[in-house]
Amino acid sequence: MSQRVALAAPVAVALALAAYPVVASGYEVRATLQIFMWIVLAGSWNLISGLTGYVSFGHVAFFGAGAYAGAILISKAGWPWLAAALVGGGAAVLLALVIGYPCLRLKGPYFAIAMLGLNEVLRALVSYFEGLTGGGNGLSLPTLDATVPIYYVMGLTAVAVTVLTYLIITSRFGLRLMTIREDEVAAEAMGIDTARHKLYAFLLSAAGPGIAGALTARDQGYIEPISVFPLATTITMIVMVLFGGKGTVWGPVLGAVVLFVAQEVVWARYPYVHPLLFGALIVAVVLLMPRGVLGILQVRYRLPRTI
Amino acid sequence: MATPVLDIDRLRKRFGGVTAVDGVSLRLEAGRIYGLIGPNGSGKTTLFNCITGVERRDEGRVVFGGERVDGLRPWEIAQKGIGRTFQVIRVFPELSALENLLVVTRDRLAAARERADRLLRFVKLDGLRDEYAGNLSYGQQKLLEFVRMLMRDPTLILLDEPAAGVNRTLLNDLLEAVRQLRDRGKTILLVEHDMKVVMGLCETVFVLDHGEKIAEGAPGVIQTDERVIEAYFGR
Amino acid sequence: MSRELLTAYELVGGYGTIDILHGVSLNVGAGEIVTVIGPNGAGKSTAFKTIVGFLRPKSGRVVFNGEEITGMRPDLVLRRGLAYVPQGRLVFPQMTVLENLEMGAYTVTEQARIRTALARAYELFPILFERRRQKAGTLSGGEQQMLAIGRALMTAPRLILLDEPSLGLSPKFVTLIFDKLAEMRRAGYTLMLVEQNAARALALADRAYALELGRNRFEGPGTALLADPEVKRLYLGA
Amino acid sequence: AQGPIRIGASLSLTGTYAKLGNYQNEGYKLCAKQANEHGGLLGRKIEFVVYDDQSAPSTAVRLYEKLITEDKVDAVIGPYSSPVTEASANVTEKYKKVMVTPLAATTSIFKRPPDKKRYYLFMVISPAEAYLEGLVDMAAKRGLKTIAIVNEDTLFAKAAGDGAAELANKRGMQVVFREGYPKGNQDFSAILTKIRAANPEVLAASTYFDDAIAITRQMKELNVNPKMYGITVGGDLPEFYDLLKQNAEYITGATQWETTLPYPGNREFSDAYKKEFGREPVYHSAAGYAGCVIYLEAVKRAGTLDSDKVRDVLLKLEMKTAFGDFKVDQDGFQTAHKMVTTQWQDGKKVIVWPDELANGKLRFPTPPWNQR
Amino acid sequence: MNVVVTPAMLGQVVISGILSGALYAMVALGLALIFGVMRIINVAHGPLLMLGAYATYFLSTALGINPYLTVPVSMAMLFVVGVLLERTLVFRVVDAPELSSLLLTFGVSIALVNLAQLLFTSDLRSVEYLTGAWVVGPFALSKSRVVAFVFAGALTGLAFLFLGRTKLGKAIRATSQSREVAMVCGIDVQRIHLVTFGLAAALAAAGGALIAVIVAIQPEMGQIWTFKSFLVIVLGGAGNYPGALLGGILLGLIEQVASLFLTTQLSEVVAYVLLVAILLVRPTGLLGGRQT
Ligand SMILES: Nc1ncnc2c1ncn2[C@@H]1O[C@H](COP(=O)(O)OP(=O)(O)OP(=O)(O)O)[C@@H](O)[C@H]1O
Ligand SMILES: Nc1ncnc2c1ncn2[C@@H]1O[C@H](COP(=O)(O)OP(=O)(O)OP(=O)(O)O)[C@@H](O)[C@H]1O
Ligand SMILES: [Mg+2]
Ligand SMILES: [Mg+2]
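Protein chains in written order, with the working numbering: chain A, 149 to 455; chain B, 254 to 488; chain C, 2 to 239; chain D, 1063 to 1434; chain E, 208 to 499.
Just chain A, with the same shape it has in the complex (with noise of 0.2 Å):
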């Protein structure tokens, strides 16, 4: 029954996409692909922030941090993209750990502004140790084009953490990181470490952008720091899941393919008000659905938290 259909619609689509790049045009190819970096990067910050309600406002900075190790063991050590990639993903996990510690004792506002100053911080120093980085020139890597392989590459990692984020919401480790969205000091009281669980998901969360920044800094060949840490793509990651429905498995799916395809088929065509068309698509959701896409049918069928 309907469970079948469940399972049987994203393998079908999941075949699907697996053959597009055979007939899809080079930019075709290239706009899925960005949609799968969306859902990786929407995808992990659901699972910090939409879980245990820290609101993480410099997560792009995992995406330079793993843009900037996987180009700079591509360009400078003469790495394969693969290895680099996960090299990527595993320096955007060492950060979160690094700073984690401190930054995750820190609440409400003030961890949203503590990764906001990471993700500066970040930029500043990116800039700042030039031998390695390049500095304010970035980092141009040798010319070769991978798009098609970086597009599976990225499509596993999009599935991987819609994956995990299913299995986090279905299980008990799910829900005490919710506990720590409701009420944190209750949730200690009754025997949950908060602490450790905060930094389990939040090393999660940092895996994701990781990879997706060293696969997109190979796929465009050149990065700098102005272009991998913007604040811009931080709070589009949290409109995305916002317009799906934070807390939910298929939120930031749904919200990184439909925005993402708005923009790039209606706004591309107003270039002077495409910002503020964005600016008016964020107050319509914030206003006409906080709760996201799947939060109202959640609410309004009572659907399973696990959608």
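Bear in mind the hints are in silico, worked out from the structure with no lab data behind them. Given the structure is predicted, the values throughout are model-derived calculations rather than measurements. Accuracy of the hints is not assured; some may be wrong.
As the list claims (entries may be wrong) - Here are the computed lysine-lysine pairs in the BS3-like style, where the Cα-Cα straight-line distance is at most 27 Å:
| hint | chain 1 | residue 1 | chain 2 | residue 2 |
| --- | --- | --- | --- | --- |
| 1 | C | K136 | E | K377 |
| 2 | D | K1173 | D | K1400 |
| 3 | D | K1107 | D | K1382 |
| 4 | D | K1203 | D | K1400 |
| 5 | C | K181 | B | K449 |
| 6 | D | K1178 | A | K224 |
| 7 | D | K1289 | E | K374 |
| 8 | D | K1207 | D | K1107 |
| 9 | D | K1207 | A | K224 |
| 10 | D | K1173 | A | K224 |
| 11 | C | K136 | E | K374 |
| 12 | D | K1382 | D | K1091 |
| 13 | D | K1134 | D | K1156 |
| 14 | D | K1400 | D | K1107 |
| 15 | D | K1203 | D | K1371 |
| 16 | A | K224 | D | K1423 |
| 17 | B | K449 | C | K173 |
| 18 | C | K233 | B | K377 |
| 19 | C | K136 | A | K255 |
| 20 | D | K1107 | D | K1095 |
| 21 | D | K1156 | A | K224 |
Given the structure of chain A, go ahead and fit chains B, C, D and E with the ligands onto it with the hints provided.
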């Protein structure tokens, strides 16, 4: 004398100028129900907070089951077997009543579910098990908090005003449950202003005033203690 | 019987789409003390919140002092002389006790009236005078409850709705508060309270209501309900 | 008949570089209009397909991919700014599309190690390193010995700063202070305090327009008084004087081009531009215009849009445009075009360097702020 | 190659730090007010400041009057803008979770900036008035910054008097602590929100007006001020009004001194590391003591 379950030695906690708990020592033995009473602001809740690690004590020791627990994180203390409820309710509002219970144990899921169902039935919340806890009434939340605490099967139970706001009929069931817990060897320390509850339930009562312990003894004895009457009962 | 001061008639409503009240009616006559009892979740607090305007009823009417106030904003309701002390001792934590009381008199403009009201509150709860410069957030639970009640008196309201005023108070203060409630009636205040300390509240009340599942279940003089065996069994736990 | 020849570009119509990207766009528009009036190209009309990349390299990459594979444009032309070009060039190279990129001045985009070499990319303007050459040369000739350099820490500005430092060293001047600052920085008090302490005879600021204004104002606030003060981008724009009024006096700016320069067709270009857009062109417009003209000329000579053939033509092409001379080396790197240095004198922009193009003399030395 | 720091340089930089710090404080106070009363982090604070700057620019150039005279007018205009924003959009998210209001105001901020870009173009504008410095010994005191300092100090003082002494001010503080109780006290909470938002916008506008005389203005100038104000209130303790003053001065000093001893690149790093360090020791900011 058996080794105490909880041994508090000269515990002290200050907030700025106010000394909320001022050198309090208590010993609790296994399988008994203790009462902790005292005027409003005498430091009862603060004492609970210090025992459970929610507040950091300034001085003194807390020994639980032969181990020092002061200085540990709240979750470590909870895992060692101290359970508590809060005076100001703290359920997880956007988790369902059932999830509120499931989330606090590490038991196998099936076992946890069975236990949670039993506890919800007990406080007559089984009809609301899938409702968000935040949508329950004050008293319902209070009951939910009580059974959530029981989910971990703690050896020492700290109850901060369990009767406040709870309907009397239900309260009787609750008190009966507390007695049963005691009979199963649990130790209970409860803060309560309802004297019927305290007198009917507790074997030993401690009285705090201005952060200091001013009396300790059987309920009947306490009720006639001049200092306690002066500070607490009035007239 | 005395003149009707408050009439809540057949209130239906609740939170969002969920109805909690399915036709609750409550009347208070001038100079009365009315007690509302009922099991947890019966809708007592919801009824109070609907009367003072925090919630809008789907149907039913609230008439206060001859004027329809159904769905009116709480601050406007207060200006008409209906004060409300919510359940759970709510105070302004970062303001001093004195400032809290002053805010209670926000709608009062004459300084002289504020001063008398302040004196009256301090007389009722001397501890508030002692702590007048302390931040309210650092008061103990019981102290905060006293402050909340004291604050409601600052406007000299015609009717005060109290949601579990004795919640969390020590016996000394429970007795004190019930005494004061009686005293306030003598002084001409009209009160309606929700209490889980039902025996005491019924003994004090002129009239009482018992709610259950969002409907009126029993109604009558306080002492009559107190004596009713079924009420006893259901609500007093005897 | 065939449809029009479609030339695709991604431009910074919004975002950080919006202003300059729009100037460039106007240059393209004017070029296309004039070409169409003269019969188009290879007998076909020309049509530009322009997208907005919001000044972001990653967006530009996607847009060039879209232009080439979705819109299937016949040719592409460059975006605005060095970073965006650096990223987009990877796409155009992949599809072997010739791209004349009129507003990328950074040497490293073109001069690359053999494994990263770009074959189809062509530069139009002088490299970043040359921007401050005029300032340094004039200072050295007047016997000045010390220079301080500040630059925004981005691809172009940093290269210009490096160029200035290298030239200064070559000319025997000492760089007494050098610091980069992050993009978006608004407060230069600390940097200027240090510069005041280092007391250089020359101050070179390698910046974009906004920062040029901020630094100049804050120099006055902190009373920093070098004998010469020159700016890369911004010091030459009319708005610079509009905003700073007499405080702009004595300040030198570097520019790729001026309306008044005696290049063939320059007067006509300026007039046409003014007629079309209602204001004076700036060098970004002229460079965009020239880039387009050069590309069209190369196609005309090759007689085809075929990338390899057009490339061969471009590599050999020597051309004089309204923007100045065009000639590139084997890397597509511009070698013929000349920078000029201007100075504000009584509200007018006077070309003071190089001597062969100058229409006035440098006013020297710069008096302290309170005497201007 | 880089210079040795002398005491005179340090002094100069401390002066610059305090001068800009006061401005930070005043602008941040508006943000702190809104956060305190409505639990909203108003990301559109900076863009409101930008509008204030444009108001002063247009008023002073069109009417040819002293830009400082336009400060009250800009404040009044932005007060109205603030009130309108609250009435049309923001009031809808007051009860919503933190994130909603954060994003809503972010959307508003994007819209305002782009609207300004369409209306005013992205050209820089500047009010050339009172440029240059008073030179005192080895120190240069920027004239416009000194005037801004005086204005900011006075306005901040007035704001504090208003909050501490007047009934409306106290009601604002009361509402910031418990909306429900404020309603029970008969405070018209919606009106308080309106006034608060208007007031905060007016403070931002004052900042914008003063900044317009110091640096050139353009539509995107505001974001960095949102950012700094945010830093300031977190430093001082969110929702704590005196904390904003302390945080502002502190941030000004930290930035300047760090840029002096290190580079401007790293001054940001220093500011953030210090911020996180302070928060770790005092998790609710320097003067924050709000309990949950
Ligand atoms: N976080 C705090 N900051 C400052 N003072 C506090 C704090 N918490 C409690 N206090 C003070 O400590 C004293 C003891 O408070 P506590 O809450 O422990 O009293 P209690 O005995 O539980 O009272 P009640 O019976 O009313 O709940 C009170 O005077 C209170 O003002
Ligand atoms: N915010 C809310 N949203 C949805 N449902 C709610 C909300 N608050 C209360 N309820 C529901 O309304 C019902 C009545 O609640 P109410 O608080 O009025 O009960 P009460 O009679 O005051 O109980 P108590 O004695 O426990 O305070 C309860 O079943 C509760 O679950
Ligand atoms: Mg207590
Ligand atoms: Mg209730």
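Here is how each hint holds up against the structure:
1. K136/C / K377/E: This hinted pair holds, its Cα atoms lying about 14 Å apart.
2. K1173/D / K1400/D: 19 Å, holds
3. K1107/D / K1382/D: 24 Å, holds
4. K1203/D / K1400/D: 19 Å, holds
5. K181/C / K449/B: Since the Cα atoms of K181/C and K449/B sit roughly 22 Å apart, the hinted pair holds (cutoff 27 Å).
6. K1178/D / K224/A: 13 Å, holds
7. K1289/D / K374/E: Not satisfied, since the Cα-Cα distance of roughly 59 Å exceeds 27 Å.
8. K1207/D / K1107/D: Violated, at about 56 Å.
9. K1207/D / K224/A: Violated, at about 38 Å.
10. K1173/D / K224/A: Since the Cα atoms of K1173/D and K224/A sit roughly 18 Å apart, the hinted pair holds (cutoff 27 Å).
11. K136/C / K374/E: 18 Å, holds
12. K1382/D / K1091/D: It holds: about 20 Å lies between the C-alpha atoms, which stays within 27 Å.
13. K1134/D / K1156/D: Within the cut-off at roughly 14 Å; holds.
14. K1400/D / K1107/D: 32 Å, violated
15. K1203/D / K1371/D: Violated, at roughly 45 Å.
16. K224/A / K1423/D: 49 Å, violated
17. K449/B / K173/C: Between K449/B and K173/C the Cα gap is close to 14 Å, so the pair holds against 27 Å.
18. K233/C / K377/B: 20 Å, holds
19. K136/C / K255/A: 23 Å, holds
20. K1107/D / K1095/D: 10 Å, holds
21. K1156/D / K224/A: Holds, at about 22 Å.
The structure does not agree with the numbered hints 7, 8, 9, 14, 15 and 16 stated previously, though it agrees with the rest.
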